Structure formats: structure tokens, C-alpha cells
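Colleague: Chains as they are written, first to last, in this note's numbering: chain A, 1062 to 1485; chain B, 1062 to 1485.
Every clue listed holds true.
For identical chains, the list gives no copy identity; a pair is met inside one copy or between any two copies.
In silico lysine-lysine, DSBU-like type, Cα no more than 30 Å apart, as pairs:
no., residue 1, residue 2
1, LYS1416, LYS1436
2, LYS1391, LYS1222
3, LYS1242, LYS1405
4, LYS1096, LYS1427
5, LYS1427, LYS1311
6, LYS1214, LYS1405
7, LYS1311, LYS1346
8, LYS1346, LYS1427
9, LYS1381, LYS1484
10, LYS1405, LYS1184
11, LYS1427, LYS1371
12, LYS1096, LYS1283
13, LYS1371, LYS1096
14, LYS1371, LYS1346
15, LYS1416, LYS1346
16, LYS1371, LYS1311
17, LYS1480, LYS1416
18, LYS1179, LYS1436
19, LYS1064, LYS1436
20, LYS1208, LYS1391
21, LYS1230, LYS1280
22, LYS1391, LYS1242
23, LYS1391, LYS1214
Note that these hints are calculated values from the structure, not bench results. Bear in mind the structure is a predicted one, so any value in this text is a computation, not a measurement.
There are 2 protein chains.
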Amino acid sequence: MIKLDLSNVLVDYDLSSYQKEVTKIHQMIHEQTGKGSDYLGWVNWPYEYDQEEFDRVKKAALRIREQANVLLVCGIGGSYLGARAAIEAIKGPYYDDTLEIIYVGNTFSSTAITRILKYIENKEVALNVISKSGSTTETALAFRIFKQFIENKYGEEESIKRIYVTTDKERGLLRPQVNQKGYESFVIPDSIGGRFSIITPVGLLPMAAAGIDIDEVMKGLKKAYDDLNTDKLEDNSAYQYGVMRRVLEKTGKNVEMFVSYEPHLVYIAEWLKQLYGESEGKEGKGLLPTSVNNSTDLHSMGQFVQEGTKCLFETVITVKEPIEDMLFPKANDNDDEMDYLVGKSLHWVNEQAFKGTLKAHVEEGKVPNIVLELKDTSAYSFGYMVYYFFKVLALSAYMLDVNPFDQPGVEVYKRNMFKLLGKE
Amino acid sequence: MIKLDLSNVLVDYDLSSYQKEVTKIHQMIHEQTGKGSDYLGWVNWPYEYDQEEFDRVKKAALRIREQANVLLVCGIGGSYLGARAAIEAIKGPYYDDTLEIIYVGNTFSSTAITRILKYIENKEVALNVISKSGSTTETALAFRIFKQFIENKYGEEESIKRIYVTTDKERGLLRPQVNQKGYESFVIPDSIGGRFSIITPVGLLPMAAAGIDIDEVMKGLKKAYDDLNTDKLEDNSAYQYGVMRRVLEKTGKNVEMFVSYEPHLVYIAEWLKQLYGESEGKEGKGLLPTSVNNSTDLHSMGQFVQEGTKCLFETVITVKEPIEDMLFPKANDNDDEMDYLVGKSLHWVNEQAFKGTLKAHVEEGKVPNIVLELKDTSAYSFGYMVYYFFKVLALSAYMLDVNPFDQPGVEVYKRNMFKLLGKE
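Use the sequences and the hints to build the structure in full.
Modeller: Have a look at this one:
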């Protein structure tokens, strides 16, 4: 499903020398004996998720599609990145649908919030608020504003049918509101942290609302679980990639640049930045995740990658079968000197751009490249990929000897901000 | 116009010790004696641009607004990043207009191109192709496809009125097409490179088409020219910031992270990545530019910045006066425990998030922060900012002793790609 190519990493390595460490970490993951093991609920989730709730997610999604032409997804961090990455990757750019998804609750920008309020004024709106504690400030602030908008527009009774709450099963500020008002609600499990929550109703409800077949997503997760449930490095490409991240780090690289060649995969990189950066970036450790979208950014960041400071390696995510393709057309004249491409598929051209760039960066630029080829961006493949990256991350972060599942540093700005805001 | 705050850089420095070097570089810039000085046309441009052509840009923009509800801006790198940064920053998100701008010619993605073709099927379309040589592959490929779309839709005669060409004054593949067909055309000056071309018709035509007052942009440029035309470091905050970039680099930082707190400023960072990265990233040198948008990304990259590898410093771009603001509303109950913000403006809340984050990253995270405060995101302020960053970059890159105005590394992938594509 995912083809890993380590032939361009520009470093001598002996994977087998890591086998012992990988075996140990594989056990830590599957037997829940490592740091932060209370948050390993994602490991067996593909086979353990709540099927009754899953069916309710699908029904709620259909109701949203009937009642609204705008769905406000109100969440921040893991409470929107996974859904957004999935919807953009699977549906593709400029997809034609009756339902538009707008992400709110992830900013304090007065300009953004005011403009969105105006934009939805005359639209039919539903809202999915996503927060485990209900007290995440960006999300709670937006929820109050957009809930009032919906209540003013539809009245109390109808508004209750248009608000969907994804939160803790009993604690937090949102659960009492669910109990009091009767909003349809879904559970964020205790054992799955925000950046892994894409596989729970957090990610699945917005995905299903966007018309994605979430049964396929779960099938992909299961397949990845099966394929990657081995400690044998030679059979487990997720672990191979995970090891290689640390190998390259030891050669002095401190930046991992995610590269894609499809604009609709930009948010996969954003989702990965949280998954990797928030999991690893502690105790002064970790690879800084960054991203580009090529060939677009070859005309902005390309020069730096080719000839600038040698601080980074690239992890390229390519797609074998695009969602759409077309042949480059003949013209009346060849004034643009582009006739050499007539009859070629655009996707083939894109693939040559990737191959030419790989060679340029590796051979002349001396920038190590890891290449991951996805078969396609279907719901099934996307589900597979998500679980694949979970395994990559868990292995790599345990190799760094940090707790991959906490994020103590995120609290610091909040503490300072609450003081400035006068929160008690 | 731009307030620079260097009080959080966590390093002892003596700016005056750089005065001599700055004076020398200031002369290199203004007397055109440094590396790549053929490309210093941007320096005096605010007072030397072609007023007749400028007026034609404004008239063409009005015609585009009359004839189309979609303008395809067909260009890559500097041929779209500046316009996009300006339009998003100045107009703000979800702005209400009769004309939608779609950026094409910057990707080979078959999915993106096919979907855009479908999306514009029943819309009234105009196109501005932007390429100095006319042979940039991404742009030439898209121009053939979208030109055919326009010709098929409107016929030969009308299509000529809907295509606007920004290119070299006499060379390249597009100028002969202009001469033959009679497209309205604009000039990309020889002395201004792609990443500085936002101040020429390259950036100005799409901006004006989007309804931006480009007279105001030019006034801002002039004001910045006047304010920053001094070698005295204590009077020139652009040079102060430029020096500080190198000072921080010497402490071991190799990444500059651009930070904003407004989603509509995301493309300023993308534009800066090209301006800085492509200018500096050569001979194994330069700061890797990367970016986040807060507070959104505090919930993904925040942990890494706070506690991860200490490889970066932050350059924060804040805005004093937002485009829109609103007060946080009262509710019927305080179930969300957000009443402490009732009556506060959202922009004020956003400012506290910035201040709390600054303190968290600097004091506890030990991450140096440079802060630039823009008065607002008006056309005038935007013009000022553009020229400000030009001066920052020119100084910093000359301090690195590289040619800030070439990009030899961008050719390498193209050479490889052409071979794979079978181009002679």
C-alpha cells in the first residue's frame, strides 16, 4: 500500500543493527509498557472501536448533509487537522458538493471570525464542536459566537438539531450542555490523544459529512494494523522509515521537510507537523517538521533546498494514481514550444518533475531523500496511511526516549494568556 | 509604520559594531556596486516606475472586473506569490467581491488543473499570464490549457480581449504572441528579479483586479524608500532587523520561523520564504525560512517551539488594527465559563494570546523572538512592508557575502526534468 524507498538517503546504514531496539519498542507499543502508555488506545482501535457509535456517526453525517449547506467544524489542533487533511486529500480540490466545510474555533482572529459570520448569514448551517475538555479557549470562544448565530437564526428547538458535540464521555464543560440540551454527541476516548483522534468521531464525523466512505477508512486502518503488526524490520516499512529518521538526525540534520506534488495534500503535512512535532519536540529534542508543495515551491524554496544550509532532509509523499488526469492538448501553433508534451498525461509530467527534482536534490544538492509512494488518495489508502504514520511516529519518538503522547509545553502560553485575559 | 522590537532576542549585541559594515552595504545597494547589481532595479522603482503603464494597469483591471467573475492568474514563484500575499492580506478572508482570483500555472497536478477547468466551466473568465521567458514549464503548460478553454468558450476575437500578458519587453516566447494576436501586455523589467516583482505589473495587475488601490501601494513604497534610505543603523529598523538575523544565526540558529496571528497573513510568510530563502540559500549558507499561523498552530507546532530542539528563532508579524473586530457576546448562561471575556474585543484577546506566547517562548522556551508590528494591512501599509522586507533582505544577504539576486540552484531540477520529459 505504501512503497518506501530508502535508496536516496546518502548515508551508510545497517538496519539490522536496530532490530533489537525495534523489537523492544514494538513490545512497548503493543504491550503498553512504554512512557505515556495510557494513550495507546489508537493501537488496537481499528479492531476495537465502538460500532454502534460509528453507525450513529454515519447517520448524523447524512442528517447534516440534508439540513445544511455549510458545516462549521469547531476545533483546534488535533480536533480539526486530521479531518481537514482527510477531506482535502480524499475529495480533492474544488470538489463539487452541496455541503461546504468551514473550520472555525482554531483562531482568535477578529477578522476571520467576523467575516465567516457574514459569509454564512444566508446559508443553512450546522455545527460540530470538538473539544475533550470544552475549555480550549479558541474553540469555546467560537462555539459561543456560532451557537448564538444558529440559535438566533433557527430558534432554540431547531438549533439543538443542528449542533453536534464531540467531547469527553462524562467530564468537561460540554458534556453537561449535551445532557441538558439533548445535542447529539460522540465520545473522545480517554486513551487516544488529540493528534491521534482522527480515527475517532473527532475526524470521522466531519469526514462522513463531507461524503467520505468512513467504512473504507476503517478498512484501511485494519489493513495497516495487520501489515505493520510485526517487529521484523525487514517486513515493516513504517519501522524502517522511523529508524531512518533517527539515522539521518544523527548525521546532523535537525529538520524534516515533508514534500508533496499535489496541492490537495498540503494538509497531510500540516497534520504530520502536529503528529511528529508535538510528539517529539520535548526535552530539547526532535526533528523540526516543515513542508513544501512542489513543483509550486521549487520556485520559492527550491533554491534553498538545492544549495542552502545543509540542515534538512526531505520526506517525499508521492501518489501513483491521481484523482483526475488529462492529456496535454495539441494547439493550432507551437508558439509556446510545448508540443513535445502533446498526448502526454499531466500526471506523467508531474512524475517527471518529481524524478528530476529527486535527482537534483540528492545527487547535486546532497540532500537525503526518503520517498513514500501512496497508491492513491482513496478513503481506504488514507486510512492505511494514517495508521502507518502512527507507527512511524511511535517508534521514532520512543527511540528518542521521550514520552510521545504528552504535550506539556502547550500549556505554557495558555497559562500566560489566561493571566493577561484575567481568567481566574 | 513598522515597529521593530528587539527586546526578546536573548543575546547580547552591540548594533553599533555593525555600523561600518552596514554603511558599506547601504552604498552597495544604492550605488549598485555589489554582487548581482544588475538586479537592483527595485531600489529606486518607487520613484522611477512607468506612470503610463501604471495607468494602463488600472484600466485593464477595471476591464477585467467588468468582463469576468473569475480571473486566472497564471504564474509560479514570484509571478504569483506577491499578488496572492497582497490580495489575501489587504482584502482579508472571505471578502465579498464579484471577481474571484484563482492561481494556476504553478503546478503540474493533473487533479488540480482538471478540477479548476471544471469549476470555471460556466463562469465568465479572464486570464493574466505572467512569465518573463514564457518558457517556465508549469506556466506555459497551464497557459495552453486555459487559453484553449477561453478560445473555445468565447471564440478567437473575444478571447484576445480576455487575455492579459505580463512578460519581457521584447524577448521570450510570449512577446511574439502579444505582437501577433494583440493581447494587452505589460512589461517585467530586466532589472527586477522574480521575487521582487510584486511592485511591477506582475503583482499590481492582479492586485488592482482584486479591487486594491494600487496608488496606495505605491505611496507606501515611496514612504518606505524615504524612511529607509539611510545607512544609520539607529534610524533604520529594517537594517537593525537584517543585522539581528545574522547575529542570531551566529549563535547557532539555522531556522527563521515567521509567525503571524491572522490567517489572512499566511501568504506573506510564503512570499517571504521565496524572498529570503531564494536570495540567501546558496553556497551552503542561509537561514531556512519556515512559518506558522498562531494561535492555530500553537496546537500543533507550539510544543516543538516551546520545548523541542533549539534550532530556530521566531520573527513575529503582528497587526495593530485588524480589518474587522467584534465584542465577545453575553450568553444566557455561563456553561462554557467564558463570561470573563464578555465585552472584550476579539482582537484584544488575540493580542493577549500573542503576548502570552511571546513570554512563554522567550522566558521559558529560551527561543529568541524578533517582533515586527504593522500598523494595519491596508494597501499603503502593505506597500511599505514590501519595501521594508526588500531592504532587510538585501542587507542580510550581502552580510552573508552571497549574490542575493540570482537563483542558480533552481535550474538543476529543470535540467533533469527536461531530460525525462524528452525536451530538446
